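Engineer: From just these sequences and the hints, can you work out the full model?
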Amino acid sequence: MGRDRAIQIGFVGIASSSILVVALIFLFLFKEAAPFAKHPGLAALLDNQWIPVSFQKERFGILPLAAGTVLVTAIAMLVSVPLSALAAVYIAEVAHPLEREILKPFIELLASIPSVVLGFFGLVVLAPLIKQFFGLNTGLNALTGGLLLALMAIPTIVSVSEDAINSVPATYRNGSMALGASRMQTIWRVVVPAALPGILGAVMLGTGRVIGETMAVLMVTGNAALITANPLSPVRTMTASIAAEMGEVPFGSIHYQALFWVGIVLLLITFGLNFIARRISVRYGMMR
Amino acid sequence: MKFRGLLLGVLATALLAGLTGCGNNTGDKQQPAAGGQTRYLTIKGSDTMVHLVSEWAEAFMQKLPAADLSVTGGGSGTGIAALINNTTDICAASRSINEKEITLAAAKKIQPSEFKVAMDGIALVVNPANPISQLTVEQVKKIFTGTVNNWKQVGGPDQPILVLSRESSSGTFVFFQEHVLDKQDYSRNARSLPGTSAMIQNIATDTWTIGYVGLGYAQQAADKVKTLAIAANADQPAITPSVATINSGEYVIARPLFLYTAGEPTGLTKEFLDYALSGPGQEIVRQAGYVPLQ
Chain A
356 MGRDRAIQIG FVGIASSSIL VVALIFLFLF KEAAPFAKHP GLAALLDNQW IPVSFQKERF
416 GILPLAAGTV LVTAIAMLVS VPLSALAAVY IAEVAHPLER EILKPFIELL ASIPSVVLGF
476 FGLVVLAPLI KQFFGLNTGL NALTGGLLLA LMAIPTIVSV SEDAINSVPA TYRNGSMALG
536 ASRMQTIWRV VVPAALPGIL GAVMLGTGRV IGETMAVLMV TGNAALITAN PLSPVRTMTA
596 SIAAEMGEVP FGSIHYQALF WVGIVLLLIT FGLNFIARRI SVRYGMMR
Chain B
274 MKFRGLLLGV LATALLAGLT GCGNNTGDKQ QPAAGGQTRY LTIKGSDTMV HLVSEWAEAF
334 MQKLPAADLS VTGGGSGTGI AALINNTTDI CAASRSINEK EITLAAAKKI QPSEFKVAMD
394 GIALVVNPAN PISQLTVEQV KKIFTGTVNN WKQVGGPDQP ILVLSRESSS GTFVFFQEHV
454 LDKQDYSRNA RSLPGTSAMI QNIATDTWTI GYVGLGYAQQ AADKVKTLAI AANADQPAIT
514 PSVATINSGE YVIARPLFLY TAGEPTGLTK EFLDYALSGP GQEIVRQAGY VPLQ
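For the protein sequence lines, the chains are A and B, in the order given. Per my numbering: the first sequence = residues 356 to 643. Per my numbering: the second sequence = residues 274 to 567.
Because the hints were derived from the structure by calculation, they are not lab data. Just so we're clear, the structure is a prediction, and the values are computed from it rather than from any experiment. Glycine residues also receive a C-beta, built at the ideal position from the N, C-alpha and C atoms. Possibly wrong hints are sitting among the right ones.
Said to hold, decoys possible - With a cut-off of at most 20 Å between alpha-carbon atoms, the simulated EDC-like pairs for lysine to aspartate or glutamate come out as follows: (1) A/LYS412 x B/ASP458; (2) A/LYS486 x B/ASP431; (3) B/LYS381 x B/GLU523; (4) A/LYS412 x B/ASP431.
Unchecked claim - Computed Cβ-Cβ distance ranges for the label pairs, DEER-style: (5) B/SER386 x A/SER409: 33 to 41 Å; (6) A/LEU465 x B/ALA507: 32 to 40 Å; (7) A/PRO390 x B/GLY540: 17 to 25 Å; (8) B/ALA332 x A/SER467: 48 to 56 Å.
Structural biologist: See below:
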């Protein structure tokens, strides 16, 4: 019995180690960022400009960075969610088994391309295409970034949504068919609504991936810290700012602390998204 | 600045320690050498030059395994102060020593010797299809601060100017801001790029862009981008940047890089200076993206 108990405690320890890591990350972020609250004060983060290196006045407003992240993420989601959801329905419900054997691995392969490679693809192929298509002077803008990120979100959303659709019990489909519904009616009125919480969870996971992505956006969004809703204007995302500036920032300076605040805001956003995703799946899961 | 310098210094020291195979602190005077007496040299100063000086030190120690060099950053001012306080053998500086520092040094009976070892020159580059081939420093300043935003305003076609800048972490960003923009902020619409190659790539594909890169990179990419000639002001002729025009001072977006010693250099200090100014030393300057002396 004593050995069972020891093993049990061991497993609990291993299982909860990730909680410890998250707690430590939070602690570390706050520790590094804390002095900023005293000087120049947290109000400085609400500035509407991000000019971290200046001979005039350094400004550390997170707003333009957050606006950039929101715009790029919104574009990515608008493109990837409909595509991925339809693809998942097709693969799970309609596709011939042979088609499925080919489609699924290839979509999943997309997830394994390193983001810096996709970023380079964006810089050399996608940006010039966007430039030509819209008749712009440069392809470095939020739209290019959003499209590239959509490409990264698609495999995540497709494969998680497809799992959700597959986990809808066969009895639902049989029942629907038995009542005389057509195949399409069954898919859209029965199977998809039943799988909706899973699909929403997949969308949240995809959003998380898009928000946290760094290299690809750093390379193609133009990185000008503007507050704008125009997809054809350059934007600077939170992740790109951290990646670009953290390397050379004077250790312990106000700029350094400001970057940690950006990190905290980013962490809170993804934390919030995960929380919402959980709430959705729990609520709908119970209804099912 | 101070902390960054410290960090760079620690990194450089660690790098050097690793390369010489000497696991101990390079400043440790007790460390015996394998083949005879190890000789020590410390170089401190400009953050801009840390990379260049480290490259020199690395090559120098390969040539002279008995020498042990320690390179730290901290900024030109820190380096000069260290020279005056006799805590470094050589000071690297990206500006000349000023009157006040000379007075301070004289009070300690130190006569700083100045050696110009390289030049740092910035080229302004545009797409080859852009008809503009020269600008004045004032026009460049207006373009990069956002006052001028159409090529029409500087004598070109009616097209918006797309300003490309480097990330704020780049040394070139700060140099350009200080010397060309007169310490003004960059235009908010300036797109910032993570590296020189991304800069060249974008200027090569997008017609109405303008950006800045170290002269060495502009020359390497001469088939993809066009380097602008720059006039100091409207009355002066526009000068194309080259090793010759930067060394003569005709091309103005450039600065000399110095090494300082206390008094006339002797022994290992002199050997290192001679190496920096030698053919291989100047080749390292070119490889590091700076402009060698003629």
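Engineer: Going back to the hint list, which numbers does this structure go against?
Structural biologist: 3, 4, 6, 7 and 8
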